Each structure stands twice: as structure tokens, then as C-alpha cells.
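**Q** Heads up: the protein sequence lines correspond to chains A and S, in order. Each residue of the first sequence is one higher than the one before, starting from 432 at the first, in the numbering used here. Each residue of the second sequence is one higher than the one before, starting from 7 at the first, in the numbering used here.
All the given hints hold, so there is nothing to weed out.
BS3-like, lysine-lysine: derived pairs with alpha carbons at most 30 Å apart:
1. A:K553 to A:K629
2. S:K113 to S:K198
3. A:K587 to S:K68
4. S:K68 to S:K270
5. S:K270 to S:K171
6. A:K553 to A:K622
7. S:K111 to S:K198
8. S:K18 to A:K553
9. S:K18 to A:K629
10. A:K461 to S:K111
11. A:K461 to S:K113
12. A:K461 to S:K198
Pulled from the structure, derived: some chain S residues nowhere near chain A, Cβ distances all over 12 Å:
13. L15
14. R16
15. A67
16. Y72
17. Y77
18. P82
19. D166
20. H168
21. A204
22. Q213
23. R216
24. P268
Keep in mind that the hints were calculated from the coordinates and are not lab data. None of these values were measured; they are calculated from a predicted model. Where a beta carbon is used, it is the ideal one built from N, C-alpha and C, also for glycine.
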Amino acid sequence: MTQATHAREGIRPGAAAGPSDQARRTARRKQTLNWIAVHALGIAAAAFFILPFVFVLLTALMSDNQALTRDLWPHPFQWSNFRTVWNAPGFLTWWRNTLVYAVSGTVLAVVSSLPVAYALAKFRFRGRNLIMVLVISTMMLPPQVVIIPMYLFWTKQMGMDGSLWPLIIPMAFGDAFTIFLLRQFLLTIPKEYTEAAKVDGCGELRTLITVVVPMIRPAIAAVALFQFFYCWNDYFGPQIYASSNPAAWTLSYGLESFKGAHHTNWNLTMAATVLVMAPVIVIFFFAQRAFIEGVTLTGVKG
Amino acid sequence: MTSAVHPLLRAKRRRSALRTLSFLAPWIIGFSVFFVYPLLSTVYFSFMHYNGINPPTWTGAKNWHYVFTEYPFFWPALRNTLWLVLVMVTLRVLFGLGIGLLITKIKTGAGLFRTAFYLPYLAPPVAATMAFVFLLNPGTGPVNHILGGIGLPTPGWFTDPHWSKPALTMLALWGIGDLMVIFMAALLDVPKEQYEAAELDGAGPWQRFRFVTLPNISPIVMFAVVTGVIQTMQYYTQPLVAGKVASGIIGNSGQSFEPGYPDKSTLTLPQLVYSQGFQHFDYGSACVIALVLFALSMAFTALLMRRRSGFLTAED
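All chains should be modelled from the sequences, with the hints used to inform the complete structure.
**A** Put into C-alpha cells, the structure is as follows:
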């Protein structure tokens, strides 16, 4: 666009040579140089971000032996690596476990956090700020802080060693990050909407479900995505609770043992890595806007 | 005397308190059962000798003394955390800001560039770490292949104690997408008039950045630094997986792996909690380390909340 405009203006005949014209031409040249510099930098940065994906993908398509050489380009392309990984023992089970954990964890966390976030954003009551402080504090704490008693609780008292339930059940009791983010979104909804619903005789719960939820659908999409990705990526949780039982492993946890089972086979390891990355990236392309809005909100509005 | 309004008002107030309580119920239960109880329990166990089999016995400050003076992994883990805070967090903020600035200047194909810059942030940490261990594999990895090809030194990366943290830093810089988006939004929020006014006063690009951009985005820079420090103290999956995979241990096979490979250089506090608690079954000292982690995280969270009190204010 800008280049085309430059060119058109450049050959405009009538503009006789004058000091102002000269100045304008220098300014334009400066702008073009600026454009080139910015985009060259952009391409260099893009190479840094994209090349690792390219190398991983190319290695995933190599043969065992070739992956150990210094070749960068696969010959021939061994697409069967993906089938080998897919059919490897455990892989499908881990895939299913990951989905169960991520989907049920997301649904439970969003449903249980929504009323809490609504109360924190819209109700006036004593101790509201204190609860916000506690929510933010728990959000910032690593799970390792309370893991010893939690582990003893779930395994010794509830007998749930070797399963993902100790990770899924707590999601039904509000997730700090989801509460925080939903509340930030809810603050942006003008009071008039909820007041109007109440005048129409809606109770708070009905107002929340019929008026507020449809209005904050993008926000719900964003927090659901975050939660889904959190579960998908979780390594520590499955490591603590599921490690004793390979039938309960998730992809993030199993991936590493995959490298173990084929410990020099970088090609298969990278093929498995691609298969773990792919779903997240596909989901991102479908929900890019919701996601980026969510990330922005974690840092900016507040 | 009690007027007719009083009981009604009281009933209304009670109803609204009940309503608030019922909306908050999930969090109140979750917070008590999954946070307050285990936190108190962690404090309790930190004074106990407990291995999960024999009943816990009181040992006083013995676990605390052991962790701070004898346990050989505690101070190296703290030193690594300090290194990561100073180098990794600083570089991440600078790089994130740079990429954010770049993306606001790109006119052609901005969407494409943005997606390319953002994508690595989404890569699951375990997958991204394994990819980097492969890419930076000293013998056959493509990075050393390229470095060697143009005559640069080829470090041992994840297998060399001096290079393992720089390698982790590269991995962290690769996943800069979250900071890029936050900085981008902040940069676009800077009022245009201020730039125009500065230009009229004859300010060059650097002066415009220094006197207009920076003051406007400084709260976001602060936010990025503090959350970066908090994240660094919790740094777990990447250093653990990198150490495990680079050491050549067969993952999850039951072969025991002492975190920190190579030579304690990738140890962090959360890994010590795991190692003491779940590999050595010394729950007492694992709880001591957990409480140190708790104290450090809380200190920086408090700092964050004081700086960004906007987190707390609601309407009216």
C-alpha cells in the first residue's frame, strides 16, 4: 500500500522542483528505508521463532539413522514415523486421558468459578477485597507449596493413587486464575444491564445465566482456553498422582518416557513432540482472538 | 422502639448475605480444603520426621537446620534461581518489549508476523523443552551444526553446567508470546498526541521512546518484572525435563534421576520439594523447602499487589 502510493506520487509530473519538494522526497526515502529496516528485523525475529518448529518437523520425518547425522533435510520423507508413534503402546490411552483431564477440568473450573467471580465483581459485601487478595495470592503460588499434605490426603485418605481424579476434583471448587480473569471481564459490564434484569424480576442467579453469561461469551471462551491449555500442559500434577500407573498418564507426562522407550530415536521422539504440540496450535488458530484478548487482560486492565 | 421497617430490612440483609455466601461457596470450600488445610499441615510436617510409613514424630527445628546447613542442594538451587531472575527475567522483559515495539511498527503482514512471534508460547512446555534439547544437542543438533559451519564455538548446552542455564534462557525467550501481547497492548494505549507534541518539540526517536513511551508503559514493565520473578521461583517443568532428557536417563522408567543435571546447574526449589518428598520420602524437609518457596512467592506477590492496586478495586 504505502509503496504504491510513494511510486504514484513520485512520478507526478507537475510538481516543479522546489525546496519543499526536495524535503518531501527525503522524508519519503527515509520512510521507505524505515519500512525495509523494520521488516528485515521482523523476518529475522520470525526465523528465530519459526525455525525450531521447522527443524523439529523435518527431524520427525527422517529415518532413525539420518536423525543422528548432520543432515537437515530428510531423504526420503518417512511419513510412517507418525503412524509408528500413534500406534506405540500407551499413546492412545495418554491421548484419551489428556482429553478427559483437560475437558472435565475446564468445564468444572469455569462453571464453579463463574458465580464466585460474579459475586466479587458485582456484589457489595464486607471482606470482598480480602477475598480478592487471597484469590490473587493462591493464583501466584506454585502447586509444590502444598503438595506433600495434598498427596497424603488423596492417596492415604481417599485411596486415589495412580489416577487423575486428584487433579480433576479440585477444579469443581473454583480456580483462582479463572476467578480472577472472569472478574476482570465482569467489571467492564455496566451496572445498568444487571439492574435492568433485576427490575424485570430476575434473581441474581438468573441474571447471571440469562443476561451476563451471553454478554461475556468471549471472556468465557478465553478462560476456558487457558484452563484447557493448563491441563494439557500440566506435567507436575500427573507426575505426582499418576506416575505409578502408566494407564493414567497424560501426553505431557508420557512424552518423556516415549523418549525413554526409544532413547536414541530422535526422529520418533520429535514425531511424538509434533503430535503433542499440534492440537494446541490447531485450537489456537480457531480461537486466536479470544486468546489474545485474554492474555492482554491478565496484564493490562487491572 | 422497633419500627415496622426494621425486621424487613434485617431479613433483606440476611437474604443478601446468604446470597453472597452461596455464590462464593465453591471458592470457600476449595480455599479451605485445598489451601488452608494443606498449608497448616505443611507447617506441621516441617517439624516432624515422617517418611509416609512410620507415624510422624516430633523433631523440632531439625528439618529446618538440615535444609539450611547440611542439605547440599538447597543453596545451589537458590543461586540458580538468583541467576535466572537476574539474567532470564531481564532478558525476557527486554526482548518482550523489543518484539512488542517491532510488531507495532510492522505495517505489511502484521497479522502473520504476530502469529509467528506468538506461536512458540503455545508449545506445551515438555514438548518445547524436548525440542530444544534436540536442537541444542551438542553432537548432532542443528544449532551446533550451523554454529560449527560458520566457525563459531559449539558449546555443550544442556550437558555443560556453564551453558545449561543460557540454554534454558533461550527456551524462555522463544516462548515470549505472552509478554509480546501485553507490551503490544500497552504500547498501542500510549496517547498519540503525546508523540505528536514530542515531535513538535524536536524529539528524536530515542527521546520519544525515553520520555513518552517508557513513562507510559512503566507499570506494565513493572508487572512483567514481578510476574517474571514469581514464575522463575516456580520454574519446574523445563529444567527438570531438560536435565532428565539431556542426561540420557530413560525417562519414567523407574531409574532414579537426581534433578539438577548437569552438576546441580538446573536445580530450582520446586524440584527439591519433589526430590525430597517423592524420591527420598523425607516429607519433613520437603515441607521446609515448600515453606521457603511459599515465603518467597508471597513476598513478590505482595509487591505486585501494592504496585497494581487496580487488581483490587471494583466499581463503587
